[in-house]
Amino acid sequence: MIITMAHGSGGAFTSELIDEIFVKEFDNETVKELEDCAVIQGSTRIAMTTDSFVVKPIEYPGGDIGRLCICGTVNDLLMRGAKPKYITCGFIIEEGADSETLKKIVHSMAETAKEAGVIIVAGDTKVIDGNGGIMINTAGVGFVKEGLDIKSTNLQVGDQVLLSGNLGDHHATILASRMNITNSIKSDNAPLNDLVSNLLKENVTIHTMRDVTRGGLATVLTEISRSSNLDIKLEENKIPVSSAVHDFCGLLGLDPLYMGNEGKCIVVLPKEETEKALEIIRKSNYGENAVVIGEVKEKAEDKACVYIETEIGGKRILDVLQGEGLPRIC
Amino acid sequence: MHTLYSLNVTGLVQGVGFRPYVEELGNKLNLKGSVSNIGGQVLIKIFDDKKGLDILKENLSKLCKNNTVLPGSRVDNILISTETSNENPPRNFFINNSLNIHDNIRFIPVDYATCDKCKSELLDKNNRRYRYPFISCVACGPRITIINELPYDRENTSMKDFPMCEACETEYKTFENIRHYAQTIACHDCGPILKFYAKKRNEINGLVEDYKLEREDAFSKAVKEIKAGKVLAVKDIGGYHFVCDAKNVKAIRKMRQVKAREKKAFAVMFPDVKTIKKIAYVSEKEAELLESNARPIVLVRKREEIGSDTDSFGYNLSEEIDDNAIRLGAMLPSNPLQILLMQEFDCLIMTSGNLAGEPIIARDKDIFDLVKNGQIDGSLYNEREIINPLDDSIVKVTKLDNREITQIIRRARGYVPDPIKINKFLKNDYYAAGADLKSVFALARKNYVTLSGHFGDLDDYEARRAKDRARKIFTKLLDLKPESFIADRHPGYYSNKDTKILANEAGTKALEIQHHHAHQASVMAEHSLSECIGIVLDGTGYGNDGNIWGGEFLYCKDTDFKRLGHFDYLELIGADNATVDIDKSAMVAMIQAINAKLVDEELLINHPCFKKYINSASLDLLKAALKEHINSYKSSSVGRLFDIAAVIMNICQKNSYEGEAPMKLEALATRYFERIENLNPAIIPVIVKEINGEILVDSKGFMSDLFKLYIAGARVDELAFEFHNSLAKALVSVAIAMRDKTNCSDIALSGGCFNNSLLLKLLVTRLEKEDFKVYLNEKVPCGDGGIALGQIYLGN
Ligand SMILES: [Fe+3]
Ligand SMILES: [Mg+2]
Ligand SMILES: [Zn+2]
Ligand SMILES: [Zn+2]
Chain L
1 MIITMAHGSG GAFTSELIDE IFVKEFDNET VKELEDCAVI QGSTRIAMTT
51 DSFVVKPIEY PGGDIGRLCI CGTVNDLLMR GAKPKYITCG FIIEEGADSE
101 TLKKIVHSMA ETAKEAGVII VAGDTKVIDG NGGIMINTAG VGFVKEGLDI
151 KSTNLQVGDQ VLLSGNLGDH HATILASRMN ITNSIKSDNA PLNDLVSNLL
201 KENVTIHTMR DVTRGGLATV LTEISRSSNL DIKLEENKIP VSSAVHDFCG
251 LLGLDPLYMG NEGKCIVVLP KEETEKALEI IRKSNYGENA VVIGEVKEKA
301 EDKACVYIET EIGGKRILDV LQGEGLPRIC
Chain V
1 MHTLYSLNVT GLVQGVGFRP YVEELGNKLN LKGSVSNIGG QVLIKIFDDK
51 KGLDILKENL SKLCKNNTVL PGSRVDNILI STETSNENPP RNFFINNSLN
101 IHDNIRFIPV DYATCDKCKS ELLDKNNRRY RYPFISCVAC GPRITIINEL
151 PYDRENTSMK DFPMCEACET EYKTFENIRH YAQTIACHDC GPILKFYAKK
201 RNEINGLVED YKLEREDAFS KAVKEIKAGK VLAVKDIGGY HFVCDAKNVK
251 AIRKMRQVKA REKKAFAVMF PDVKTIKKIA YVSEKEAELL ESNARPIVLV
301 RKREEIGSDT DSFGYNLSEE IDDNAIRLGA MLPSNPLQIL LMQEFDCLIM
351 TSGNLAGEPI IARDKDIFDL VKNGQIDGSL YNEREIINPL DDSIVKVTKL
401 DNREITQIIR RARGYVPDPI KINKFLKNDY YAAGADLKSV FALARKNYVT
451 LSGHFGDLDD YEARRAKDRA RKIFTKLLDL KPESFIADRH PGYYSNKDTK
501 ILANEAGTKA LEIQHHHAHQ ASVMAEHSLS ECIGIVLDGT GYGNDGNIWG
551 GEFLYCKDTD FKRLGHFDYL ELIGADNATV DIDKSAMVAM IQAINAKLVD
601 EELLINHPCF KKYINSASLD LLKAALKEHI NSYKSSSVGR LFDIAAVIMN
651 ICQKNSYEGE APMKLEALAT RYFERIENLN PAIIPVIVKE INGEILVDSK
701 GFMSDLFKLY IAGARVDELA FEFHNSLAKA LVSVAIAMRD KTNCSDIALS
751 GGCFNNSLLL KLLVTRLEKE DFKVYLNEKV PCGDGGIALG QIYLGN
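Sequences listed follow chains L and V, in order.
Heads up: the first sequence begins at 1 in UniProt numbering, then just goes up one per residue.
Heads up: the second sequence begins at 1 in UniProt numbering, then just goes up one per residue.
Bear in mind the hints are in silico, worked out from the structure with no lab data behind them.
Keep in mind it's a predicted model, so treat the numbers as computed, not measured.
Hints should not be assumed to be uniformly reliable.
[Unchecked claim] Here are the in silico distance ranges between beta carbons for each label pair:
1) L:Ser227 x V:Val208: 39 to 49 Å
2) L:Lys276 x V:Asn324: 54 to 64 Å
3) L:Asp129 x V:Ser530: 36 to 46 Å
Every residue, glycine too, gets a C-beta built ideally from N, C-alpha and C.
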């Protein structure tokens with residue numbers, strides 16, 4: 001079935017779409033009520049976030065926009081130490097989309113939600129002019145334990161920076177798909193519940209966590225360095241990149257430090273917690289390649305910054321991502 | 001009542017023995033009055049004696065550049081005011097204690113190489129400063145590198161840690177002594193001491209411990225170590241050098257490890273010009289530069305005749321040193337320690353003491369750290385602090401048909417901070433940030449522009465720190481308060497962001513200048529032009545259309561410019577990596593040539609550099625990336641064309657250091673050119689066309705023709721030469737087209753590509769034949785080290 005403007009009219013076609021695709025997949029009591037809003041159990045401290053997903057192509061090796069829109073929101077909640085609970089989703093579907101594709105995506109959302117332990121409690125659909133694209137907005141609610149406050153201003157000199165795995169896979173996957181190139185690279189899109197909940201369960205002191213998405217590691221760390229007003233030192237030879245991604249980036253001149261990921265996070269914590277945390281992360285789902293990549297330092301000059309010690313001993317300063325692909329070398 | 005004449009003297013009048021000279025003169029003329037430093041100027045007061053005043057003034061006016069009366073000094077202007085005063089005249093003429101008042105323009109003296117008088121004292125057994133490695137006088141020694149504050153008095157320099165002994169103090173106070181009022185006066189008894197530091201294994205307990213020596217022991221140990229093939233740090237005026245025996249291949253290889261420098265050439269120090277002549281041609285002008293006060297590294301043409309009658313100094317000396325370049329970086333000793341060292345060696349590698357990509361090391365502690373962790377074998381140093389680090393300067397002489405010009409490649413020790421005068425009065429104080437690579441900033445007031453030394457790539461942490469520090473201290477020394485700020489337009493430049501912040505703090509907005517506009521303006525600033533056409537060829541600059549420019553034909557008038565044309569855009573993939581992995585860039589250019597049906601894909605298989613891509617996943621990936629514009633940009637850079645041409649001719653596949661491929665291309669072409677009798681007509685038909693009013697050079701066609709000639713079996717050196725020759729010819733058509741549009745025959749050439757002496761010569765010769773008046777950079781680098789001057793010239 002091809003989706004038309006009629007599917008967005010609010011009438012019978014819309015009901016068909018909702019019943020056939022969404023309710024079927026998001027199988028839970030709250031969503032089945034089909035009321036104007038969902039009424040759910042609460043907590044004293046809740047975390048909330050929202051994110052829109054417009055990735056093209058919508059299906060790619062290792063995942064699709066459905067999996068991505070759950071992971072993105074769930075991971076954002078997790079990074080503040082919240083336990084993700086509920087998700088809402090808004091679909092913006094361009095005329096001409098194939099309902100089979102939509103079905104696959106919704107199925108993938110449901111599967112990922114299950115994996116991430118969240119319930120999709122409400123949703124919305126709109127159909128607009130266009131070329132068959134699908135865009136999704138998700139919002140998420142999570143519960144935060146009393147006394148837990150994970151944020152970048154907690155940073156202390158001497159803290160270690162842990163990275164949960166290889167960089168660049170998602171970004172490289174999307175670029176390869178856009179170029180119609182087939183290779184062995186797969187997206188890393190994944191919910192990081194296991195990793196985070198294991199750390200919290202074992203009472204590891206965490207100063208800050210961030211998921212390393214758009215803008216890449218360099219951008220995320222620069223933001224943290226600025227808000228904490230401390231330097232962060234990285235070591236080039238410790239940054240993990242798979243050899244397939246390394247070769248791909250080498251040829252295209254891409255820097256994995258600036259590439260987006262969808263299932264990677266950094267954890268910054270006191271030095272004495274490092275070994276324990278590393279062990280826990282490595283045993284958790286999606287954390288097997290975790291490594292220590294750097295350290296928090298007293299800022300040496302007026303402005304705090306992130307720098308990477310290169311293999312030949314230089315110190316290259318990293319900054320947030322600046323418009324892609326412009327050379328500076330003369 | 002008395003008549004009081006006040007003379008305000010500007011120019012290089014501090015740190016050159018100017019006050020003692022005036023004092024002596026004043027007393028000879030029996031004047032009543034005083035001389036004093038005020039900020040960066042000198043104030044002379046004379047009571048009543050108009051005739052004496054005139055004689056004094058006449059004498060001072062003779063202190064022009066390169067005068068022999070008071071070497072190093074230069075009087076630019078004398079402003080005289082007259083008043084009646086009821087002050088009582090002094091009984092004689094004396095040096096008044098320095099006054100510090102804010103005034104107009106300050107001049108900070110450059111560092112001076114050891115003068116002949118000091119050199120002969122240094123080597124005179126009977127002199128009390130015999131072999132004293134820090135001997136200096138009013139006419140020589142460090143200046144800017146040790147100055148913390150003006151006026152230039154001992155307590156404002158790092159010499160303040162070394163109080164004068166009685167003997168020195170007597171000399172300091174004695175008229176006609178060469179150290180009368182010499183702020184750097186010192187001797188064995190009171191001045192800095194030569195020290196040696198290394199690590200040594202204790203024979204008994206096997207522990208590694210500190211090993212320290214002083215004075216002659218330190219010196220002879222260092223000599224012994226260098227002779228044994230060790231790599232040492234040796235402290236110079238402006239920073240450390242890393243030093244090793246230039247004839248010891250193993251030592252040179254070790255040096256390459258220390259600096260993580262695979263192939264790039266090292267500079268070599270020789271005792272005198274005579275020795276350099278054994279392995280290189282040294283023209284009169286080059287000798288003059290080598291022996292000039294700045295003692296820069298001069299890139300001299302190496303002798304290459306095989307089996308020449310040279311002794312141990314065969315051509316073999318160089319290959320490990322300079323990656324088979326056509327020119328060798330040669331220099332002479334500029335300080336007393338180097339003079340003493342060069343009594344023991346006839347050549348030493350004398351390279352900037354820095355680690356890959358970082359600024360020169362000037363702090364003793366940083367060198368100790370390198371010794372401690374075994375990166376270098378020892379340090380020969382002293383404890384006089386270097387306040388303003390400066391590298392050695394680098395220059396070369398390019399012979400044009402009718403004249404020789406000096407091209408400055410790195411403007412640093414010996415030139416900085418001598419200001420450059422422009423014919424334009426700035427409305428307030430300016431700061432211009434320059435570019436991000438070979439970063440040099442400028443500070444300016446009225447019509448004087450002071451440029452800093454080079455800081456390297458501002459992506460480097462230490463480089464950024466060094467630049468920040470230097471900006472602060474230069475601003476203080478020059479007593480400026482910048483109210484106008486200028487930066488390059490490149491949104492990815494640190495200097496762009498940083499300057500915007502500085503401007504914001506000063507309550508204003510930074511002016512952004514297009515990179516190549518600034519290049520051309522640097523020539524205009526040097527030659528006081530207000531209007532000219534220009535050809536700017538370089539590597540990378542951010543263009544006003546968001547593309548990367550670097551082969552630009554500009555018409556500049558006052559502070560505006562119009563882009564009359566450019567080299568046709570090529571699409572390149574991969575930001576900075578496209579400038580390093582040049583075989584990829586060449587492959588990408590070839591794909592575009594294939595797509596444009598200029599080259600048959602089948603032919604690529606016959607080419608040694610493209611073979612590895614053909615029928616591989618890499619080629620598919622590059623093709624797809626071009627089609628989808630993944631991490632790609634459009635570029636009119638001629639620097640990249642040099643890279644691509646070098647790959648096409650299989651001369652070089654990777655720029656392991658900046659400019660490697662273009663320099664190798666130039667070397668091959670030059671060797672060929674020197675052998676041929678007449679200039680060939682250019683054989684590659686580089687097409688210059690006009691589309692929508694824009695003058696465009698067909699880059700794709702140029703590269704395709706080159707490729708086809710190479711595949712057809714052309715001689716590589718001839719082809720390398722023809723690349724230059726055809727390029728020059730095409731540029732003449734461009735210049736003529738520009739003249740037709742503007743009626744302007746004044747043409748400026750700038751941009752890093754004009755460091756290429758062959759291209760410059762071929763182009764200038766042709767342009768002058770066509771009656772163009774050609775202007776070039778001679779005071780600042782044509783590369784990015786000159787950008788800041790151009791930026792300032794475009795201020796207001
Ligand atoms: Fe440039
Ligand atoms: Mg997000
Ligand atoms: Zn002297
Ligand atoms: Zn003394």
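Task: Distance restraint evaluation - Ser227 of chain L, Val208 of chain V, Cβ atoms, bounds 39 to 49 Å - done: Given range 39 to 49 Å: holds, Cβ gap about 44 Å.
Open item on the list: Can you tell me whether the CB distance of Asp129 of chain L to Ser530 of chain V sits inside 36 to 46 Å?
Closed with: violated (56 Å)
- [ ] Evaluate the given range 54 to 64 Å for the C-beta pair formed by Lys276 of chain L and Asn324 of chain V.
- [x] holds (56 Å)
Violated hint for the displayed structure: number 3, the only one.
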